[in-house]
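Enquirer: The lines below spell out each chain.
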Amino acid sequence: MGSENPGDGTGGDGSGDRSFDAKSTMLDSVIGFVRKLRANGVIVPADAAIVATRALTELDAADRESVRAALKATLVTRQRDIDRFEELFDAFWHDLRLDERDVPEVLEHLADAANPPEPAEADDGLPSRSRARDDSSGDETSEDATVEAQEDGFQRVTADAFGAGGEAGESIEIAQYSPTGARSRVERVPSRGDYGLDGSVVRMTTALSTMTGRRRTRTTNGRFVDGRRALRRSFGTGGVVASLPESEPEESVVRGTVLVDVSQSVLDTIERGFLLEWLRLLALHWRSLRVFFFDTDVREVTDAFDRRTVGSVSEALASAEAAWGGGTQIGSAFADVRRSYPGAVDRRTAVLVVSDGLERGELDALSESAARLSRRAALFLWLNPLATHPNYEPTARGMAAALPAVDGLFAFADADDVAEIARQLDRHDRRRLGYQFDPRRPTTSATGDAG
Amino acid sequence: MTDAASGPYADLTGDELRERFDDQNYVAEDEIVTTVLLALRLGKPLLIEGEPGAGKTELAKVLAEGFDTELVRLQCYEGLAAENALYEWNYTKQLLAVQAEEGGVADGQTVFDEQFLLERPLLQALHGGGEPPVLLIDEVDRADEEFEALLLEVLSDFQISIPELGTVAAATPPIVVITSNRTRKLSDALKRRCLYLHVSPPSFEKEREIVRRKVPQLDPAVAAELCGITQRLREESLLKPPGVAETLDFGRALATIGDGEDGIDRETLRNALGTVLKDAEDVGRVDDDLLDALLDAADQARAQPVEDATD
Chain A
1 MGSENPGDGT GGDGSGDRSF DAKSTMLDSV IGFVRKLRAN GVIVPADAAI VATRALTELD
61 AADRESVRAA LKATLVTRQR DIDRFEELFD AFWHDLRLDE RDVPEVLEHL ADAANPPEPA
121 EADDGLPSRS RARDDSSGDE TSEDATVEAQ EDGFQRVTAD AFGAGGEAGE SIEIAQYSPT
181 GARSRVERVP SRGDYGLDGS VVRMTTALST MTGRRRTRTT NGRFVDGRRA LRRSFGTGGV
241 VASLPESEPE ESVVRGTVLV DVSQSVLDTI ERGFLLEWLR LLALHWRSLR VFFFDTDVRE
301 VTDAFDRRTV GSVSEALASA EAAWGGGTQI GSAFADVRRS YPGAVDRRTA VLVVSDGLER
361 GELDALSESA ARLSRRAALF LWLNPLATHP NYEPTARGMA AALPAVDGLF AFADADDVAE
421 IARQLDRHDR RRLGYQFDPR RPTTSATGDA G
Chain B
1001 MTDAASGPYA DLTGDELRER FDDQNYVAED EIVTTVLLAL RLGKPLLIEG EPGAGKTELA
1061 KVLAEGFDTE LVRLQCYEGL AAENALYEWN YTKQLLAVQA EEGGVADGQT VFDEQFLLER
1121 PLLQALHGGG EPPVLLIDEV DRADEEFEAL LLEVLSDFQI SIPELGTVAA ATPPIVVITS
1181 NRTRKLSDAL KRRCLYLHVS PPSFEKEREI VRRKVPQLDP AVAAELCGIT QRLREESLLK
1241 PPGVAETLDF GRALATIGDG EDGIDRETLR NALGTVLKDA EDVGRVDDDL LDALLDAADQ
1301 ARAQPVEDAT D
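Chains A and B are the protein sequences, given in the same order.
Residue numbers for the first sequence follow our numbering, beginning at 1 and rising by one.
Residue numbers for the second sequence follow our numbering, beginning at 1001 and rising by one.
Calculated directly from the structure, the hints in this document are not laboratory data.
No false leads were slipped in.
Some chain B residues near chain A, calculated using beta-carbon distances under 10 angstroms:
no., residue
1, I1032
2, R1041
3, D1141
4, K1185
5, A1189
Below, simulated EDC-like cross-link-like pairs (lysine to aspartate or glutamate); rule was C-alpha separation at most 16 angstroms, straight line:
no., chain 1, residue 1, chain 2, residue 2
6, B, K1240, A, E368
7, B, K1240, A, D407
8, B, K1185, A, D346
9, B, K1240, B, E1281
Please read all numbers here as calculations on a predicted model, not as lab measurements.
Glycine residues also receive a C-beta, built at the ideal position from the N, C-alpha and C atoms.
Start from the sequences, fold in the hints, and give me the full structure.
Expert: Okay, here's the thing in structure tokens:
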């Protein structure tokens, strides 16, 4: 273990080596725990084991709750890892208790070792603890983790040793397709060719990209004066401001997640070629776009839309064995997205749901998960192929349950509908989004807004 | 990198910290006390995540009050940039100074001097002499990723380099508290530098204790009912579930109206819901069934024995 190495750089005083011995032994068991956490999908920072060990030596009391709090604070970085941590911590503590040495005692020794007064004691209390007991996954990982971690390269070296492994735990992209029930495989979808969507999608993208943000960019005819550049320039003219540089709000990137209901009832009302072409254009213009198909379960089909034509998109979908045309459980599908693809929706993503809102599952689950989506996303739009009817009202049970959470409910069946969505987004008025502000509706209540 | 056990809080014990929390009427579980203690001793920033209203910001304020030191607060927002967070040159003043010298600056003088420097929160937190202040970086998830990268340097070295002036380093590093509402994922680099604390909405007992301390004039039985109602409301799928702040508002409203001993009746509840529900959709969702459920929950809560709630 190389514990005789003097001068670790952190010490400088006489106690440095001793407390370091104690730390490195403790480091062993903590690293075993860290490895277990990682094996179970918890993201643990590269140098967390060292910080955790240091934290343990700083504890007042070595009781279970303090150790739990210290390890949780140093090893866990995400809320969703907390449950897993709690489970594994119980096992970790239990294992330690089965060892000959009583753990609290070890930790008390550690605390002593950190405060130097009695030099002889800490040494014999802490011979290298057999680390075979609490790792089932073999030996090689424990080597790369600890051995180099002794010297002053502490963080850096361990970071190297851990780096790749830590990140690799987060592979959430694996979708599983299980074509059951009445679904059919996505076959070649006939395409009419030009749907005239390009302009509308571009307009929609621009509208979304300027929706938020205070960042400014330089321009020749902006709305703001740029004082900073005015000063810098004035140096060249001896302090006289010759011209006023200007700035305007910067366009930010557009990220989005589209959840497409591919149940039979939706596919009956919407042209498939149009749907795929629209998704393909979104993927083309937005900085990042993730596409999910759902009916009774959810699968990610983002990769298929990285193509140049609708034909090749449908081929890609077919080769990924994507299926469509089953029943619908919108609420549980939303919940699945949250659970299985936690990165898909965040504060800067616009979430678009394409669905008729005919829910077969629990209504409570739907309103609950719609509310969650709405809280989390930058914008939550619902595109409903049934809303194209001039007298449409959202009275379907599922639609009514989700409606309070939705920023805007739009008709969605052809290029005109996309143009209308783009037009409304372009007005930058979030309180006036939705089918009820569509001027194409016969007796719309919102007549005054023809913008 | 700051090292452990040498900072100003090396001798602080958990009991002392708990005492300071108690003095400030902050109800903290063991886990919070231990984690805060470690953050202080290790000199590491504390990253607090949790639902809005769980008491994240309050913790920083309590720390500042408890240690009788200054609270430097940086509220994050989208587009927050270096000149709003670190420092900015006072361009107007510089321009005037340059022009007053008639097109030039006299020998040995420069407009890049401390008197032309506007200190923004991060620099301010490093610059202060004496007791280290509490630096609260609030709702860091609202700022962009670029801003996070800027924080990394400040948080690991506690220093800021100003090209025209030199490096400003903190004599004693501030106590740093970072809060996040989890509206987006924070970078691993930032998380790695911090201790992590997740604050969940309080349990019924803890919430009752908080109400008891913050709104002492409210009848304990009514306080229990009140907490029963908000706990029940959090089970609904609301757009904005009530946090502790809303519970306290509700409590203060009840105490002000003076609807004391006979508990919360239907009419009072309906009228006072505006203090708890902050969204028109949520208010619209409250119908007779939900009111019944809430009143049931209140009755049950009232029936619960009032044992000593501090654990």
